[in-house]
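K.L.:
Residues per chain are reported as follows:
Number of protein chains: 2
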Amino acid sequence: MNKTIDFRVTANDGEARTGILTTRRSIIETPVFMPVGTQGSVKGVRFEWLENELDARIILGNTYHLFLRPGHELIGRFGGLHAFTTWDRSILTDSGGFQVFSLSDLRKVSEEGVEFRSHLDGSKRFLSPEISMEVQAALDSEIVMAFDECPPGDAGYEKTRESLELTIRWAHRSKTKFDELARSGGLSERVESRTLNGSQALFGIVQGAGHHDLRSQSLERTVEIGFDGYAIGGLSVGEEKDVMYGVLEHIAPKMPADAPRYLMGVGTPEDLLEAISHGVDMFDCVMPTRNGRTGGVFTSNGKINIRNAKFSEDHEPLDSECPCSVCNRYSRAYLRHLYQAGEMTASTLISHHNLSYYLDLMRLTRDAIKSGSFSAFKKATLARMAENDACGV
Amino acid sequence: MNKTIDFRVTANDGEARTGILTTRRSIIETPVFMPVGTQGSVKGVRFEWLENELDARIILGNTYHLFLRPGHELIGRFGGLHAFTTWDRSILTDSGGFQVFSLSDLRKVSEEGVEFRSHLDGSKRFLSPEISMEVQAALDSEIVMAFDECPPGDAGYEKTRESLELTIRWAHRSKTKFDELARSGGLSERVESRTLNGSQALFGIVQGAGHHDLRSQSLERTVEIGFDGYAIGGLSVGEEKDVMYGVLEHIAPKMPADAPRYLMGVGTPEDLLEAISHGVDMFDCVMPTRNGRTGGVFTSNGKINIRNAKFSEDHEPLDSECPCSVCNRYSRAYLRHLYQAGEMTASTLISHHNLSYYLDLMRLTRDAIKSGSFSAFKKATLARMAENDACGV
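Top line first, the protein sequences correspond to chains A and B.
Per this note's numbering, the very first residue in the first sequence carries number 29; after that it's consecutive.
Per this note's numbering, the very first residue in the second sequence carries number 29; after that it's consecutive.
For reference, chain A alone in the conformation it holds in the complex:
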């Protein structure tokens, strides 16, 4: 089989590493943060800004949401999510599994898959490894995720072990269906521009909650099946921070070195630096945009909230070290006013800045890794954040 993505590690610094991930649509430097485009739009930020200023090379799309609305059949008839949304750089789609567990009621998990009620209209829907692959084929994302079950962060050993077994069986079925779709051309022949072999790539997901031996087992058996990349699922789902960091330290360095390592749905800037120190390459998280909508601002001096009255006459930008078009132009006072006045442009501008912050943090991180100074960079960056958090900024 031809290659669907290409991944090369370009520098190592301890366990941390930089790399180049190439898909049929874009060249992505890692470590990379992927803005979340849940429903075919990165909330509040026009694609034009993501392309021209922020230079995001890959975004995430959510299978669960798009499956329910507008439906993958409709998107498929348009030729996939790129054609439907006009975003023509890379897209990674999740499998829908996580949102079934976090957003819908009345889930019924069977060997076959998961029956659930749509959070939109209460209708009964069903997802399985095969259906998830079909949906993701219709979406025509560059990177497809295997369909998994995600146990709660505090799940006991036995429950986690059982869930893991199911996830492994589903991983096999995902791979089988995915290969079948790839051989038959799936729906992907509708897309014209291709630089690699024109097919999608499939990532496997390592589960096991906070249990290190189960994580190891999950990794080993997932690698046996054989995927184009490997993700760590089931973190940042309610467990303590040190549990997450323990799992990352334990499992990330053991993941195949020649494939991208993706930590799903995580997290704060601190979490990203920690994960990178253990060799993780890819991240996605709603924090920059979700915080943007509630006035939360990420800065090089830690997090602030624009609602705070002390910003009401503050002439400074959100982050004086940030090169983004929001920080270049608008004051904290103006942005606070827009927020207080309920103007949607407040969400737009703060989300834009927050994405700029995350993408820039990854740029600085890559530079530090390349120059062999990641450890010092991480320490200094965390210290600045902690200092301000301690001041209650």
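A few of these clues could be false.
The list that follows gives simulated cross-link-like pairs (lysine-lysine, DSS-like), each with its CA atoms no further than 30 Å apart [stated by the list, open to error]:
hint, chain 1, residue 1, chain 2, residue 2
1, A, LYS407, A, LYS269
2, A, LYS152, B, LYS338
3, A, LYS338, B, LYS152
Treat the hints as calculated values from the structure; they're not laboratory data.
Note that the structure is a prediction, hence the values are computed from the model and not measured.
Chain A is fixed; fit chain B onto it per the hints.
P.N.:
Leaving out everything else, chain B in the frame of chain A:
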């Protein structure tokens, strides 16, 4: 006294005319549509788009809203609304009078001014001609509006006459206070870039509801006081369309030909063309952005609503004749999906297009007037709109 704005008529076509309005901050071709920036932001559309693509040369700011939040003192300390918002082209501020009547409870009108309850927190506030001038001086807009009383569109003759008398007395007081502030420098010395004499311009407002003789009287006495431009107030406030059109036909051609004529808060594309045919030069209205937030789309073939299910797989742009970046890129199907999914980017993109439509309609109108074909242009444009409206699009 030096000139604060410059206005030259450049072409006439019947009563319709084109002109160049120059303020200390921008050169504005008329007829002009001014996007409404109620609270220091044109809802949903970043200034960058208004400047770089839509090329709006003047926007409106609302004195009532800014007086209540964040307060004109705060904006004044920043050096005015331009410095506070970073919008450095022209701004016209209304007097606050209209919103006092449309948004707040418990208005008590006296000779001195209007006491009202803030719609934000119920606090008692007071506006008068003098206070309105002080607020608008602090906002440092290029064009200041006299403080007026706006009677309901269906007000009887006697009530309208009394209101008109009060408006005339308030116009005198507005002028007196405005001149005093201009002589003392007001707050405007804080702004650095000036091309004219550095002061603000003041427009008077013609009232009189649907009574033509009262409109004439109001115009005559307002012109006697002497302003830099003249506005028609109190239209599109609940009266029948033919009443509004009757007033426009009656009063607009009688307004001073060498000063800008501004129709406040109006209206639909049809209204604009009608008013222009009687010699009006300036317009503002929330319709493009308010409709944008509820899925209403203005197109060269009439109005559509993107919520309509028939657009769910429509590959066409909102308006195939529109040159804007939204129509250049996004399909109706995608925009409908964003709207149905509650994505704020739907509001952003449709508002952007609607403003493009309004600004473009004014460009086409100016071209038609210059080439002496306005009447035919108006007829053809209205016919296309009506045809589609008749089809229930």
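K.L.:
Against each hint, give a clear statement of whether it holds in the structure.
P.N.:
Here is how each hint holds up against the structure:
1. Pair hint LYS407 (chain A) plus LYS269 (chain A) holds up; C-alpha atoms about 18 Å apart against a cutoff of 30 Å.
2. As the CA atoms of LYS152 (chain A) and LYS338 (chain B) are separated by approximately 25 Å, the hinted pair is consistent with the 30 Å bound.
3. Taken as a hint, the LYS338 (chain A) and LYS152 (chain B) pair is honoured in the structure, with Cα atoms around 25 Å apart against an allowance of 30 Å.
The structure agrees with every numbered hint stated previously.
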